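Could you build the full structure based on these sequences and the hints that come with them?
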Amino acid sequence: MPSAISVKALRKSFGEFEAVRGVSFEVATGEVFGFLGPNGAGKTTTINMLCTLARPTSGSASVAGNDVLAARDEVRRHIGLVFQDPTLDGYLTAEQNLRMHAELYGVEKAAVGPRMKQVMEMVGLWERREGQVLTFSGGMRRRLEIARGLMHSPRVLFLDEPTIGLDPQTRSSIWGYIRQLQEQEEITIFMTTHYMDEAEFCDRIAIMDHGEIVALDSPDALKEQVGADRIRIETSDDAAAIEAIGERFGLEATISEGAVSFAVPEGEEFVPRLFAELGVPIRSVSVSRPTLDDVFMAHTGSTIRDAESASNRTDGKVAAQMMSGMRR
Amino acid sequence: MSVRTADPALGPEGAAPEVVRVHVPERSWRGELRAIKVVWRRELLRFRADRVRIVTSLVQPLLFLFVLGGGLEQLSSASTHGLDLKTFIYPGVLCMSVMFTAMFSAASIVWDREYGFMREMMVAPIRRSSIVVGKCCGGATVACLQGLIMIALAPAVGVPYSVTLILGIFALQLLLAFSITAFGVMVAARITQIQSFMGVMQLVIMPMFFISGALFPATGLPQWLAVLNRLDPLTYAVEPMRTLVFAHLDLSAATEAALNPGITWFGWTVPVALEIFAVFALGMTMLAVAIWEFSSGE
Chain A
592 MPSAISVKAL
602 RKSFGEFEAV
612 RGVSFEVATG
622 EVFGFLGPNG
632 AGKTTTINML
642 CTLARPTSGS
652 ASVAGNDVLA
662 ARDEVRRHIG
672 LVFQDPTLDG
682 YLTAEQNLRM
692 HAELYGVEKA
702 AVGPRMKQVM
712 EMVGLWERRE
722 GQVLTFSGGM
732 RRRLEIARGL
742 MHSPRVLFLD
752 EPTIGLDPQT
762 RSSIWGYIRQ
772 LQEQEEITIF
782 MTTHYMDEAE
792 FCDRIAIMDH
802 GEIVALDSPD
812 ALKEQVGADR
822 IRIETSDDAA
832 AIEAIGERFG
842 LEATISEGAV
852 SFAVPEGEEF
862 VPRLFAELGV
872 PIRSVSVSRP
882 TLDDVFMAHT
892 GSTIRDAESA
902 SNRTDGKVAA
912 QMMSGMRR
Chain B
12 MSVRTADPAL
22 GPEGAAPEVV
32 RVHVPERSWR
42 GELRAIKVVW
52 RRELLRFRAD
62 RVRIVTSLVQ
72 PLLFLFVLGG
82 GLEQLSSAST
92 HGLDLKTFIY
102 PGVLCMSVMF
112 TAMFSAASIV
122 WDREYGFMRE
132 MMVAPIRRSS
142 IVVGKCCGGA
152 TVACLQGLIM
162 IALAPAVGVP
172 YSVTLILGIF
182 ALQLLLAFSI
192 TAFGVMVAAR
202 ITQIQSFMGV
212 MQLVIMPMFF
222 ISGALFPATG
232 LPQWLAVLNR
242 LDPLTYAVEP
252 MRTLVFAHLD
262 LSAATEAALN
272 PGITWFGWTV
282 PVALEIFAVF
292 ALGMTMLAVA
302 IWEFSSGE
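These protein sequences, in sequence, are chains A and B. Counting in my numbering, the first sequence runs without a single skipped number right up to 919 at its last residue. Counting in my numbering, the second sequence runs without a single skipped number right up to 309 at its last residue.
Watch out, some of these pointers could steer you wrong.
Stated by the list, open to error - Derived contacts from chain A toward chain B, CB cut-off under 7 Å, selection only:
| no. | residue |
| --- | --- |
| 1 | Asp680 |
| 2 | Leu695 |
| 3 | Tyr696 |
| 4 | Gly697 |
| 5 | Val698 |
| 6 | Pro705 |
| 7 | Arg706 |
| 8 | His743 |
Claimed, not checked - Now the stretches of chain A that chain B is said to cover, found in silico as 3 or more residues with beta-carbon under 8 Å:
| no. | region |
| --- | --- |
| 9 | 624-634 |
| 10 | 637-650 |
Simulated from the structure, these hints should not be mistaken for laboratory data. All values derive from a computational prediction rather than experimental measurement. No residue lacks a Cβ here, since even glycine has one placed at the ideal position from N, Cα and C.
Pasting the structure below:
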């Protein structure tokens, strides 16, 4: 089966700043593919290029078999989009928003009604179809956006941070819809997220950091590659502990989220040695199986949250540049 | 165009519901017309939902007509040859009422961008020109709905109803509203903040309105004002409107000559048809610029 998305050496610069530094990947038809990385890693910029909303500086990409530059309209006909920021018309009702979408996409009139019922039932909003969108909660609006993105039966659905800012319950229900969608429709889902736990639901994920893909595989395979367990210790002298871990055990430790953390195979058996030989008082210790956070850490040297707080400082400027590029 | 689906949307008991798959056709003129229509209809839906706007945008023309017109009447009766000042400024106020509504309609494009809806339209497989044309038609229609209320007030300022008068005013208002919306959309393509947009529009629209001769006859003006008046595009919408309204009044030749002298270029009286054409041509030019601006972006 041909790839739903095929990307080769894609780049995007905003002036001096290189938001995406040459990424390449393939997404198979029917796959749920996740883009994982901290805010500012270039995920949204990549999505914008795939959706024909931003022109690549160089490289090529095709979506649903069409080149994003040469066949822009063809791409647009076959994709559904759910943006990070809301794009509903709050003054209109849920139904009016969906009907408007169907008209813009030229969906044949006879099919609009049944299709609308189907997508709205899927996200549990059929009963609220006559409600004005302004009166909807954040979760309902996001669900409505997903329903709208599906109105024209897209072959690829792009979801940019579909669960950002939602409560855990709504987040899990949105994941329910995405799973259901994958079963019911012949659709490929491309999504971005910076929630590690959500990336687990994807068939494959690409980890992105500073505009580059640093790892790409299924969540399980990625975790297996890390192999080692992660040990986190709180000590009275972190700097000394890091040095001691390096000297005594030959392991590289870093400070993240206020604790010293390092990876070691068979971590549980390692703990007694750690207490016996470290020489720095330990206040607490925890051992965990590798998570996607560890995968991220193994590839980038920092946790996703640390990466975010570091990138927040430059975010404002980058966002402003991206806005000016997006303006029209 | 086909629907690949088994009819009732639900399959047999227990089975997964049949998926209604729809098909997005290739880009066509029909598709573009549908897009224009839906963008247009959205303006009407929003206008209907926003009753406050319907009322507030009537306040300004009514103030001009009845408060300014009624108040200054006492000072001006000598120079209006007995014609009520309200009647005299009525054509100008007819223009004004659609101008402000059209301007607010154009502002919605800035709102749409700020609140994200613009993106929904921008990523659809349609031409950008369809969005712009739909917006302009929507703005013109909404403004003309407002204009109908002003037309209805004709007898209150001493202008009797007649079919030709109502149709004529409506057509002129439609033309003016379309041009002003096109102007607004053209400006909106460059400005991303609603406050700046409103500022720019006020800066342009208010002087245009005052200079156009909506409130005074375009004759015997100081030289500088006469020049500005001839350069003001709105002049060429106000003058046909006044000519139309005055044609339905029983006025003496002297009154007509004093209050509706016509627009002259170096002594040559510009025909009304040319004036109307100028407004039309300008509106179309601004529409073209607006389309170009929206299409050239990413």
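Evaluation of the provided hints:
| no. | hint | in the structure |
| --- | --- | --- |
| 1 | Asp680 | 5 Å, holds |
| 2 | Leu695 | 4 Å, holds |
| 3 | Tyr696 | 5 Å, holds |
| 4 | Gly697 | 4 Å, holds |
| 5 | Val698 | 5 Å, holds |
| 6 | Pro705 | 5 Å, holds |
| 7 | Arg706 | 5 Å, holds |
| 8 | His743 | 5 Å, holds |
| 9 | 624-634 | violated (count 0) |
| 10 | 637-650 | holds (count 5) |
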